[in-house]
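The task is simple: from the sequences and hints, build the whole structure.
Number of protein chains: 2
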Amino acid sequence: MDTKLLCLGVLSEGERSGYEIKKLFETRFRHFFVAGFGSIYPALAALAGEGYVTARAVPQAGRPDKRVYSVTEAGLDHFRERLLATAPRHKVRSEFCLLMYFAHLLPPERALAHLDTMVARWEEMLAGDLGLSAADEAALTPGQLFDLGFGRAVVGAARAYCLERRAPLAAALLDRPRAAE
Amino acid sequence: MDTKLLCLGVLSEGERSGYEIKKLFETRFRHFFVAGFGSIYPALAALAGEGYVTARAVPQAGRPDKRVYSVTEAGLDHFRERLLATAPRHKVRSEFCLLMYFAHLLPPERALAHLDTMVARWEEMLAGDLGLSAADEAALTPGQLFDLGFGRAVVGAARAYCLERRAPLAAALLDRPRAAE
DNA sequence: AGTAACATGTAACGCGTTACATGATTTG
DNA sequence: CAAATCATGTAACGCGTTACATGTTACT
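Protein chains in written order, with this note's numbering: chain F, 1 to 181; chain G, 1 to 181.
Derived by calculation from the structure, the hints in this document are not laboratory data.
A virtual CB, placed ideally from N, CA and C, is assigned to each residue, including glycine.
Some clues are possibly wrong.
As the list claims (entries may be wrong) - Examples of chain F residues lying across from chain G (beta carbon under 10 Å, computed):
id: 1; residue: Leu-132
id: 2; residue: Gly-143
id: 3; residue: Leu-145
id: 4; residue: Arg-152
id: 5; residue: Cys-162
id: 6; residue: Asp-175
As the list claims (entries may be wrong) - Partial list, computed: chain G residues near chain F (C-beta under 8 Å):
id: 7; residue: Val-68
id: 8; residue: Thr-86
id: 9; residue: Asp-147
As the list claims (entries may be wrong) - Straight line, CA to CA, 27 Å or less: simulated DSSO-like cross-link-like pairs of lysine-lysine:
id: 10; chain 1: F; residue 1: Lys-22; chain 2: G; residue 2: Lys-66
id: 11; chain 1: G; residue 1: Lys-91; chain 2: F; residue 2: Lys-23
id: 12; chain 1: G; residue 1: Lys-91; chain 2: F; residue 2: Lys-91
id: 13; chain 1: F; residue 1: Lys-91; chain 2: G; residue 2: Lys-23
In structure tokens:
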């Protein structure tokens, strides 16, 4: 279970609640990892059951209690071991590419709208979590910095390619609109 | 089930056996979709059960029979409908980025080896399926051409970034090797 | 002699996604 | 007044991965 591993990893940087971990996933890891509450909460419960993390209830004014998790020594050891045993994979699953591949079966304006949607999403990412200032970057570990740059490079390339190819693609699709239904 | 959808898609370009579809996935779709036999064969069986494809046994000399599938009219309609209902998502799941993020918990040479592994894999892709000649490209639909370029742009950017950042990363990791165990 | 390629399938397991369930406070 | 945010969890379903099962031909 990868979610368990990543939870352990972020907890190695400091104690956090499940909700906070989710937020962190949405910012720092957004460009290479996604997990919902339905994965995170059970993962934390399992880690606690295995003795890799401990939970502490933190009461809050007018809010439900937070369950704040901390990694144990056994947890840190386990995390390092698992890291050493992890193979470097990098997998992409893209419905966007699928849609583009079969663009000739779609109304042209639909295909172009999909393209614009993706460009907008990528620009959001670049302006948001991937767009930190130089000052913020000074506080990062070499690895975190590497990941940040990697995200920028890859997402930036996707965006640039789509913008560059939009006009030629539009022309080609409108040239022979084989399937406007 | 996405595998079903993609199988239907490739069959819309012509009849093929499950084995051939797998080969096609490994070449044309490698950079944005992965599926094994364990997904493809059941997917084809399900599509046949729904009447979206028909199967035909092709005897072969000294080999087991091929089951060659063809898409039906209902199948083509269904495919177009499903395409129209598909949202453009683009998801990355990367153990490589995870490893880099926590590189400070790894022996530096291990982190760099992972990086080299990925560069080699990406170069293989660029030289292989993504590296067609201009003559081959003329035969592609606009969408196929777009995907090919997209793959080149994104994979190329990942490769270039890793090569560019290798030396600075190595220096930073060796500067304070916090966890050579 | 051994490995890779050709060829099809089943079954179990793991894991993630989605929907459901609940409830207070803050912001627009 | 509605929507978003904070906050935690369960359960079912879907789907993919992996391992198992079998057998021939061609190449090294």
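Results of checking the hints against the structure:
no., hint, in the structure
1, Leu-132, "violated, 15 Å"
2, Gly-143, "holds, 4 Å"
3, Leu-145, "holds, 8 Å"
4, Arg-152, "holds, 8 Å"
5, Cys-162, "holds, 8 Å"
6, Asp-175, "holds, 8 Å"
7, Val-68, "violated, 21 Å"
8, Thr-86, "holds, 6 Å"
9, Asp-147, "holds, 5 Å"
10, F:Lys-22 to G:Lys-66, "violated, 48 Å"
11, G:Lys-91 to F:Lys-23, "holds, 18 Å"
12, G:Lys-91 to F:Lys-91, "holds, 8 Å"
13, F:Lys-91 to G:Lys-23, "holds, 18 Å"
The structure fails hints 1, 7 and 10 (numbered hints given earlier, in ascending order).
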